[in-house]
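Q: For the record, the sequence lines run as chains A and B. Residue 81 in the working numbering sits at position 81 of the first sequence, with consecutive numbering throughout. Positions in the second sequence are counted from 1; adding 1000 to them yields the working numbering.
Quick caveat, the hints were computed from the structure, so don't treat them as lab data. Wrong hints could be hidden among the right ones.
So the derived list for chain A, only partly shown, Cβ under 10 Å to chain B, looks like this [as the list claims (entries may be wrong)]:
id, residue
1, P78
2, Q87
3, K108
4, Q243
All values derive from a computational prediction rather than experimental measurement. Cβ coordinates follow ideal geometry from the N, Cα and C atoms, glycine included.
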Amino acid sequence: MDKKLRLRINEISKSYKLKKKDYHKVIDSLSLDIFDNEFLVILGPGHCGKTVLLNIIAGLETPDVGFVELDGVKIDGPNPDMGMVFQKTGVFPWLTVMENVELGPRFKGEAKSERRERAQKYINLVGLQGFESHRPPQLSGGMKQRVGIARAYTNNPEILIMDEPFGALDAQTRYSMEEEISNIWSIEKRTVIFVTNNIEEALALGDRIVLLTECPARVKEIYEVNMPRPRDLMSEEFLLLRQKISENTDLSIDSEV
Amino acid sequence: MNNKNILIKQILYLVLPVISVLLLIVLWFFASSVNRVLVPTPGDVIDRFVKTFTNPINNQYIWGHIWASLRRVLIALFFSCSIGIPFGILIGWNKTAEATVGSLFELIRPIPPIAWLPLIVMLLGIGEIPKILIVFIGTFTPIVLNTATSIKLVDPLYLDVGKMFNANSMKLLFNIALPASMPAIFAGFRTATSGGLMVVMAAEMIGAQEGLGFIIQRGMDAFDVPLIMVGMVVIGLVGVFLAVVTNYLEKLVCHG
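Just chain B, same shape as in the assembly (with noise of 0.2 Å):
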């Protein structure tokens, strides 16, 4: 009874998960049989997806530009993390830093990373530095955030253990209250790429040549509705590549 009881949960969980995406597969046919201009069909994009292999869109077949858009937030990732994760050890460690520089940054923190663009378009223009500088934007915050605050609040009870054994407070740095914020750090870090994704979008949309970004404005100028969409969807496996990298790389650092 119990057990049957069991098996019908288990079955009913691996069932419906497929529905979910049925029933939206049905209603995503249904709106393209109402517009089919303004909403294309499932097969018309993958349609699209297929040609953006064989018929370049400025100069660049899919793989271009999304090596365009991943480059811009890896290279902004990169920046972020090796002065970010830094930066926000000093400020979560250092009770001067905090209040010193630590301040100045939560002065800035509030403002949304895309409300910079337009200043920063005008101070340096639409080439790879500006875009790449705005991503940094967006995804310095949430590491130096996360760092700072795990590094502050790490477990008073693990830093009297080093305590005990004599640790200075450099040892009660980089043994314990560090690899005690990893798990946080990397928490930062998720955020960080899929914040990065999310800024990246936004700059590729004002005067890029190509990327993700500069794909779906062009869909939107030439009313090229599946373009939009298959813009859309890689962008959105591009996440799904990040986010598996970085578990990876999480249970490489953190041994699961």
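Just chain A, same shape as in the assembly (with noise of 0.2 Å):
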């Protein structure tokens, strides 16, 4: 596979002060690469640094030391080519389901019928057909983050960060959320990082799974997955990947699911 640098994230670490000349440290000299079109998995126990990892890619936050660069530019705020669905969904209440999805080229500017059209595109990619005038108060959960998941494409990033956008879920939802962000992913070839606790998920997903270590978060394995999608679950392939992963963690995960 001929593989094509996108994203370099070279040396950062991120520390919160808790309390006077009290740091937390999350995230610990951590180094990536992250190639295009690739649906890249960061799989990392419970709370620890995976969003912070995101906002500073997306550049919603900047690391203390070390840089993020976007095709060779360093990163230094939000960029435009890059989306976002957020783990608790920010759909905006007051909004339809319709006007939230058309958010990102409305604030560009675009002509209205330009990105009604292409809202609707992914509104019936993500199945909510017949729910445009909805607004979200009148929605569940899976459909929100769907809202969410439409929104962010409309805006026709090239990276698309999600960060554990089915943790709130319940389990039926989520495989199915799941198979269907591995179908649009087909359709509409992005790079995507998505972050998980849930080995499972992570493996049903990924083209490369980086493993992090527990609080501050490093590297700690990546692991390239082979299986042609959609993924067999029960696949012996599968089940053992997934006990040689979690052998090698001590994840506390899905605790706060």
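With the hints in hand, could you dock these two chains into one complex?
A: Structure (structure tokens):
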């Protein structure tokens, strides 16, 4: 496979001040290369560093040391080439589904008919047709997250960052959302950075799985997953790899789900 | 069994409010039977109310007095919204504004609006403008406070969503922070409305020629207790009317 480097995360560290002179290090000189059009899963335990790492990649936060480069250019703020699906969805309750989804192009000043057409395409793709004029308080958790996914895609990002998007969903919905996101990714190739604390989810989705250490977060190991999609969650290969990753972690995972 | 219990509960919740109101009326009649001059019966109050439509008080029928109070509150609300909401947005959004004008506001805010009354009457007299001004002081504070607080505390996640879409700070404010704050701004408006009615009563008890506060004051001067009660009930109804209108407006603006 011909791999083209998109994102380069170089030796970044980040600490937060707790009290006077008491610092909590969440990321410790973490380096990682992310290639074009790959589905990269970042797998990490509990509550350490993952969201911060994504926020740094997205340009919403800055690292204390180190840097992130997109196509060789240092990131120093939110970048229109990146889209983000947030863990807590962040859909706006005062807007309809359609108005939420078309938000990115609307902020850019794109013509209404144009952006509506594209928004409609992604609303259909995530299976929300018929709900365009509903408002988020009327939607279930899974549907809200679909709105979040459609919203991110409609802005045409080249790199899509997903922060435990299915963490708050029930198991059933979670499985079907995983399948759908894998489908959408096959139809609409993008570079996806997907964070989860669930090994099964990581294996169902990722081309590569980056296993992080516990606090502070560092890269512990990177696994290549070369199974065809859609993946059989019961195949021998799947289960073997699952066991291998599981043995390499003392994941207290799923604790927050 | 279970269904039956639910049914009994539903009936109970339907009947209990009626019983409470009936009990209050019984209590009222009882108090009237002890001293009808100080506590007139509900019938006396209704009679007095009907009379306000035919016998003017200070050349005004009841509608004139209702409108006088309502007009003062509405004008005051208009000004406190059109000044208070932008002011609240400013001190909620801008750290410098918060530190300067915001801290001045914090200094003056704890003074109850009615405490301003004597000073304003001495400075501006007992005309229409000082009355509206005093209601304005009472309605301004909750509107500014609610607007500023909710703008300041808007969910950072919403702002992050905007930043990911490269929204500039004007878009973050007007397309995200402001709509996110609308329910809280309406809550402030509601508080302002009831506060405004409270203050207008006090303002009208000093040297007014019309208004529901004036009616209550007149009832006290003339030892006309039924008239006092008419004033009390009617101002209550005006409050209910304003609350209904506010709810309707909120549904219209915030889409339920």
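Q: Next, verify each hint and record whether it holds.
A: Results of checking the hints against the structure:
Checking P78(A) against chain B by beta carbon gives a least distance of about 5 Å; that is within 10 Å, so the hint holds. Because the smallest distance between the Cβ of Q87(A) and any Cβ of chain B comes to about 9 Å, under 10 Å, the interface hint for this residue holds. Hint status for K108(A) relative to chain B: holds, with the closest Cβ pair at about 7 Å, below 10 Å. For Q243(A), the suggested interface contact is broken, since its CB lies about 36 Å from the closest CB of chain B, more than 10 Å.
Of the numbered hints given earlier, the model fails hint 4 alone.
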